[in-house]
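Spelled out, the chains give:
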Amino acid sequence: MTYRPPKIPTSYITAKDVWLSRRSFISYGAGAAVASIVPAVAASAPISAAKAEYTVADKLTPRTDVTTYNNFYEFGLDKSDPSRNSAAFKPLPWTIKVDGMVARPTTFGFEDIMTMFPLQERVYRMRCVEAWSMVIPWDGFPLAALLDKVEPLGSAKYVAFETVVRPDEMPGQKGLFQSLAWPYVEGLRLDEARHPLTILAVGIYGETLPNQNGAPIRLVVPWKYGFKGIKSIVRISLTDKQPSNTWNTTAPNEYGFYANVNPNVPHPRWSQATERRIGNGGFFSSNRIPTEIFNGYGEEVASLYNGMDLKANF
Amino acid sequence: MISTVILRRRWNGKAIWLLYLAGLLPAAWQFYLGATGNLGADPVKTFELFLGVWAVRFLILTLTVSPLREIFGLNLIRYRRALGLLCFYYVLFHFTVYLVLDQELVLHAVIADVMKRPFIMFGMAGFAILMPLAITSNSLSIRRMGTNWALLHRLVYFVALCGGFHFYLATKVLSSQQYIYLTLISLLLLYRIARPALKRRKKSGIRKQGQHLPSAAPN
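In order, the protein sequence lines correspond to chains A and B. Going by the working numbering, the final residue of the first sequence carries number 740, and the count climbs one at a time with no gaps. Going by the working numbering, the final residue of the second sequence carries number 294, and the count climbs one at a time with no gaps.
Watch out, some of these pointers could steer you wrong.
Unchecked claim - Here are some chain B residues pointing at chain A (derived, C-beta under 10 Å): (1) Thr111; (2) Ala116; (3) Val181.
These aren't lab readings, by the way, just hints derived from the structure by calculation. Virtual Cβ for every residue (Gly too), placed ideally from N, Cα, C.
For reference, chain B alone in the conformation it holds in the complex (with noise of 0.2 Å):
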């Protein structure tokens, strides 16, 4: 019995160190095609698209979490953690390659940028957003915080705003790939605000169904 609980734990553990593995492994592998010459006629535009695009795919796998385990009762908290900060490390290096290769580090005309354009502007709100839940994703933040920590870590709903409008706004012409994360995106949001109403409604089910049981009491 120990044992298997041991065991559990040390696959856990394993499972969350590969998905950061695997989570990573796209932008090694695009990078080493981008350094070897292989990624086209304008690698670093090619560059920093993948790594936009695999920041939005990180961004609702996260948000997917919750819902997976209220509506089907899929448990996989466990990976949020890693989940966001792939989110986070994929918007780094996409912020990354925009500053240093795509604009070749002229700060004026970056901050420009920032300064006029609102697609720029949306993407690095989402970016200054994600920064402060990044640092204080870590364990001992956590027990520190209380429930401030959950309150902070709301702003994700911020970064999804933000993240969703920057990639709504990237192209004249929506792809099929942007209908369809926007659409995600956007059910994933409105979920949040439906969420209490969904709740309440739980309860008072379970309420008529039991009134006869104390334990029904309010909470």
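Extracted from the complex, chain A is given alone in its bound form (with noise of 0.2 Å):
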């Protein structure tokens, strides 16, 4: 597949003294190894990424609301619990296993993953399933990079990920009204998982990921809905049988597996076809705006699905 770059303003590019400060990271990881030592590690740590061509022009939401309108039902349902319940959620010492059809199979630390793989910062439009949007800035690394690290075998054709189950530190996991299976699971097609807009993040707005955001590392694919970003990742799998994922076992008429936007395929309780863009409107003005197939990333990635009914595989 071919990629074309977005068209790029000049104030996007990052003077170079800027861009070399990201090796400032390499210190941010001993600092890490020092923060694992203190508990509670909620203040963010500043992280420095080089800015990608990956980007889009769209007004940035606010980082408030980034922080405090979450659906990460790990810490409750309302979108103000995540932001509220996960004080106590301890991101560091974190390690991910990688294994399954690999040559290598692999833990890796946190620090690890911090030195080994540069980061960048790339803006992408986040489109959630209930039809709202936002734009953020993440600091990440492309989730290929990784794959390459342990060197998924011929058969692998599908990548499943984890995240953590901590009753104790995650208020949504235990009690009587259990929302979900855990752990919460996702997947992906393998070459969807290479794709070069597929990123594991671990920051937004040059910090390190807030608990609520799913600290301390994350998947983020713009072209799919928000609830294929699976959180606080412990382990990633690589398989031959399409992996299960915990919104379609869940509501299986209502999810997919492949979860790409389209404005074409409604919800069955609601349309896809426009979006609240969150931070852009207030009370009084329109924040609607029209959704775009693959959240806009068409171009980039439509060919992943040449020949494919988008309507029955949604």
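Work from the hints to combine the two standalone chains into their complex.
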């Protein structure tokens, strides 16, 4: 597939000194090791990332909206629950086990990841299946880079992801009303996982991920509905069978495996033709905009689905 | 003696107006928060959901008045009209916010929503049934319609069914609040189904106790 980068305004091109300062994330890695001794690393630490060409010119969603309006059922069902109930969550120390159909199964420490993969800033549109959207500056690296390290076998066709289970730190995972079956799981086809737009994010707005946004590491697949972006990942497995994904098993008629953003395939309970762009409008001013196929990334990803019935494979 | 009756009447009148005032206060406060930009990232959705939940609360309160009187002997019937109308007002606000602030008056989108989605259908049906009930809630209608009025206002059970389904379908995963309110609505409707049997048993119980009394004649 060919990737044509979008037109980049000069304002998006980073000065070299700023770009070079990304090496300071190495010192952040050291800092994180220290921080892991201190309990409750709720405060975000600054990280540096190179501006990437994968950027959209849309107006950014204010940071307070990105960090207080979240779906992360491990911390509760309300949009404000994750930011209110996640203070006790300890994102460090952290390891991710990468296994399955790979030549080199590896368990990565979070510090290893921070030094192994150069970070890039990517400004992506994020379209939630609930018909709202944001524009978020992520700091992360291509998932493909991590997959390269473990060398997927020829037989691997899919990538399965798993979120941490910690009822003591995640109030949504305990109690009488359990919303979902834990752990939260997600999956991608291997070619989707290897696509240059697919990233593992460790930060937003130039700082480490707040707990409510999926600390310390999460998936971002900008042409798919937000629920595909699994948070607080502890395991990545390569497999030859289509992995199950939590929302699909919870409500198969409402949420598919692919979950590509598509204005022409309505959700059973609402239309997907338009979306409310968070942070754009207010109470009275218009903030509803048309939804684009593949969330506007069709030029980059449509070829992944050539000949596929997008209505049947929603 | 007369003065206490007058005082009580005056107080009752005031209590009802206080109920209206207190009942509309949450909507007014939330509207103020929204208008001043203090309702979070998605203020329209937040306001819309808030109004819907309060409509459900007043629906439950309205349906609780009869069982309270019949089972516990607590008579709050004079507040029932206000509670029912507050439910209607909140549904009306909820619908208005959906139409104007959420869908931004794009009517073809709204019509497509109503025609295609059971979730929206149930909500609209509940609202449509509520309207004649609200219109005929005045004393004049009650007097003029006679027994028909009571018959018409039994439609409130369909409002509860439609509203309950709408509330049930609103989210993919039920919250504890939804579990509680849906359980209450179900119990209140079940009570209506069981009521004739309960009344018969009560009556026969009285008859057994007072078999020797001539006043036990059926009525």
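| message | Need the list of violated hint numbers for this structure, in ascending order. | response | none
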